[in-house]
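One line per chain: the protein sequences are A and B, in this order. Just so you know, we're using the numbering used here here: the first sequence kicks off at 95 and counts up by one. Just so you know, we're using the numbering used here here: the second sequence kicks off at -19 and counts up by one.
These are calculated hints, taken from the structure and not from any lab test. Do not take every clue at face value.
[Stated by the list, open to error] Quick partial rundown of chain B residues pointing at chain A, CB under 10 Å, derived from the structure:
#	residue
1	A154
2	G166
3	T170
4	S209
5	G237
6	S246
7	D249
8	R250
9	G253
Source: prediction; values computed, not measured. Each residue gets a CB set at the ideal place from its N, CA and C atoms; glycine is no exception.
Given next are the chains, with one letter for each unit.
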Amino acid sequence: MRRRIAVGAASVLGGLVLALARPAPAAGADDYTLPFYDPGTTLSYGMDRDPRDGFQLDFTGHLWRDDDPHPGRVYDNHTGQDYPMPVRTAIAAARDGVVVDVEGGYGTEAFGPFGNFVRVRHTDGRQTLYYHLAAAAEDGIGVGIGETVPAGEPVGLSGCSGWCFGPHLHFEVLVERGQELDPSDPHFRRLWTTWPARVPFLAAYERESNPGTVSIRRGQTVTHWVELRNLGGRTWRNNVPVGRIALGTWNPPAHDSPFSAGDWPYRWMATPLDQASVAPDQVGRFTFGLRGGPPPGAYDQPFNLVAQSVRWFDHARIGQFHVPIVVTN
Amino acid sequence: MVRRHPALRGIWTILVIVPLVLPLGFSLAAGRPGSSALRPVSGAAPAAELVPRPDLHPALVEVRSREAGPRRLLAVAPDGRAAATAHGSDPAGARLSVARLHASPLGPQLPGILDAGFAADGTWLAAIDGAGAMWRIPADSAAPSVVTGGPFVGPVSVEPGGAILASRVPSLEAPHRSRLSRIGPGGIATVISTESLVYGSARLADGTIAVVAHRPTGTVVLRLAARGSVLVADLGLGAVNVSLAADGRRLAFERAGEVHLLDVGSGVDRRVGSGTRPRLAPDGRALLVDRDGRTVVLADDGSLIADLGHSVAGFAACPGEGCQP
Chain A
95 MRRRIAVGAA SVLGGLVLAL ARPAPAAGAD DYTLPFYDPG TTLSYGMDRD PRDGFQLDFT
155 GHLWRDDDPH PGRVYDNHTG QDYPMPVRTA IAAARDGVVV DVEGGYGTEA FGPFGNFVRV
215 RHTDGRQTLY YHLAAAAEDG IGVGIGETVP AGEPVGLSGC SGWCFGPHLH FEVLVERGQE
275 LDPSDPHFRR LWTTWPARVP FLAAYERESN PGTVSIRRGQ TVTHWVELRN LGGRTWRNNV
335 PVGRIALGTW NPPAHDSPFS AGDWPYRWMA TPLDQASVAP DQVGRFTFGL RGGPPPGAYD
395 QPFNLVAQSV RWFDHARIGQ FHVPIVVTN
Chain B
-19 MVRRHPALRG IWTILVIVPL VLPLGFSLAA GRPGSSALRP VSGAAPAAEL VPRPDLHPAL
41 VEVRSREAGP RRLLAVAPDG RAAATAHGSD PAGARLSVAR LHASPLGPQL PGILDAGFAA
101 DGTWLAAIDG AGAMWRIPAD SAAPSVVTGG PFVGPVSVEP GGAILASRVP SLEAPHRSRL
161 SRIGPGGIAT VISTESLVYG SARLADGTIA VVAHRPTGTV VLRLAARGSV LVADLGLGAV
221 NVSLAADGRR LAFERAGEVH LLDVGSGVDR RVGSGTRPRL APDGRALLVD RDGRTVVLAD
281 DGSLIADLGH SVAGFAACPG EGCQP
């Protein structure tokens, strides 16, 4: 196909392999998503589900013992999930919530007993913890106490602060029990066998109104639409103040397009999502006009999806959607 | 991504059962083949020389070593006649060395080393191994014995009666909770502060305990009182690595790569220059700072007293003969 948002099976599998090994999550579409955006990010050390010292039950159900070396899989009493990633990688809220605690005073890669973190409380009684973040002085903390964060919105940047031997995100889901926060809730354990499954924002090309070159007479406007499948973990919406899904120009991001028509909200944004919402695995449509603005000739207009005020979709993973256009007299 | 040495797994089983079956002279490690739980780490004590530096500050001691690789100074004995250092960047595999004045260094063998603190009389030190377990180590023989599991994090201090102060955490890797605890000689840990995320504690000259804690509103310094605690200073967001003078009237901290010196009484907050991990002298008149990978000694006005290079150094609580901390 000449134009598509190519979702390479291998790249997706890199991020979804844990989920595919198990039945589909029972959680709702608006439940948790992975706390980062790159679907190629993989788990290294997972949570130890065996409360006994010296025994480690990993996410596959394999029980390890200390005298059975298993580096990179799980370590004793590990309370969370470690995802290696470069320093200053964007970290996303895994669910809608309110920020209840942050620390950003430690150096981005300063080793010590304590590091930088963000903790978010969710409406289901759980909290999520994002640890080893970059220093606040280097924009490592993107949220403040009391701030509401929609799922998928950045909360900070990864780092290697605290007890850290290589840049990664330590992610935990915690259950409130009085004054304590317990990472070993049984429901949480069940959840973890099927989840995390998806990054917040990912799309795949399905089809469009004119799969060939779009021919436009100069000064005229033609209507075009493209349908994209929601492969992420977040429901796409067109009526939210933060995270509205829209089709924007790409390369460079958000450039003013010479093909912007009168129905474009901005010269860089062709259209928001047509539907009010599109759940994961469903297909969303984006309808917009293309105006023959520039002089006659052959052109190419790239697009990418954006969750407004949150981030662009990962075009390095999903490729880019572009429309070949010929303007005639 | 953490490498972790197990220290206390199954320790209660070992403590209860092993003494019943071990012949005299048999080590605990041999009683549990394949486990590193109580097996001493092999290797001699890293060569380390303790050098008092009264030329720079009356309480300053420097620990020099010809060994390559990263080192951290963990604790200085109150009289300044011994200092504990960790050799190696990974606490799970680091080696503990106790440098002594006019004596060869000791190499207590633990499964890694995280932090340590000397008893007031300097006769023993409490140490947290690489997995967070607490050990007691006589300063003359260096033969460690387990006090209790954890995990704990430092700083470690020892009270006059022998109780150990350290913070218990849910995990070493991501401590979003940290409970200041008093660990009795029997290994029983009792939480002594209501603060949920304690970054450190220090026993001040007047015998009270100062606590540095994280709150959602920022970092605070408190003094434990008979009931609850008294706020000493509210340092706000981003203030970390707080160090107190012995009288608690001055404190140093780090914020965004700058070292601050706060006079608690007057509220004067002076920036003394760039750096990290300030360690304030007991009299509050000098401080050690990590700056560009080097250790520097600063006066309280921020002027440079000395650049110790890659050496490690610390302050003794009351150096010299007749020390009564």
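Taking the hints in turn, this is what the structure says about them:
At its closest, the beta carbon of B/A154 sits 4 Å from a beta carbon of chain A; the interface hint therefore holds under the 10 Å criterion. Interface hint at B/G166: violated, since its Cβ lies 20 Å from the closest Cβ of chain A, which is beyond the 10 Å cut-off. Below 10 Å, beta-carbon pairs count as interface contacts, and B/T170 has none with chain A, the closest being about 16 Å; its hint is therefore violated. Checking B/S209 against chain A by beta carbon gives a least distance of about 16 Å; that is not within 10 Å, so the hint is violated.
Contact between B/G237 and chain A, as hinted, is supported at the beta carbon level, the nearest pair being about 7 Å apart and thus within 10 Å. Using the Cβ-Cβ criterion of 10 Å, the hint placing B/S246 at the interface with chain A is not satisfied: the shortest such distance is roughly 24 Å. With a cut of 10 Å, the hint placing B/D249 at the interface with chain A is violated, because the nearest CB-to-CB distance is about 15 Å. Checking B/R250 against chain A: minimum C-beta separation of about 18 Å lies over 10 Å; hint violated.
For B/G253, the suggested interface contact is broken, since its CB lies about 16 Å from the closest CB of chain A, more than 10 Å.
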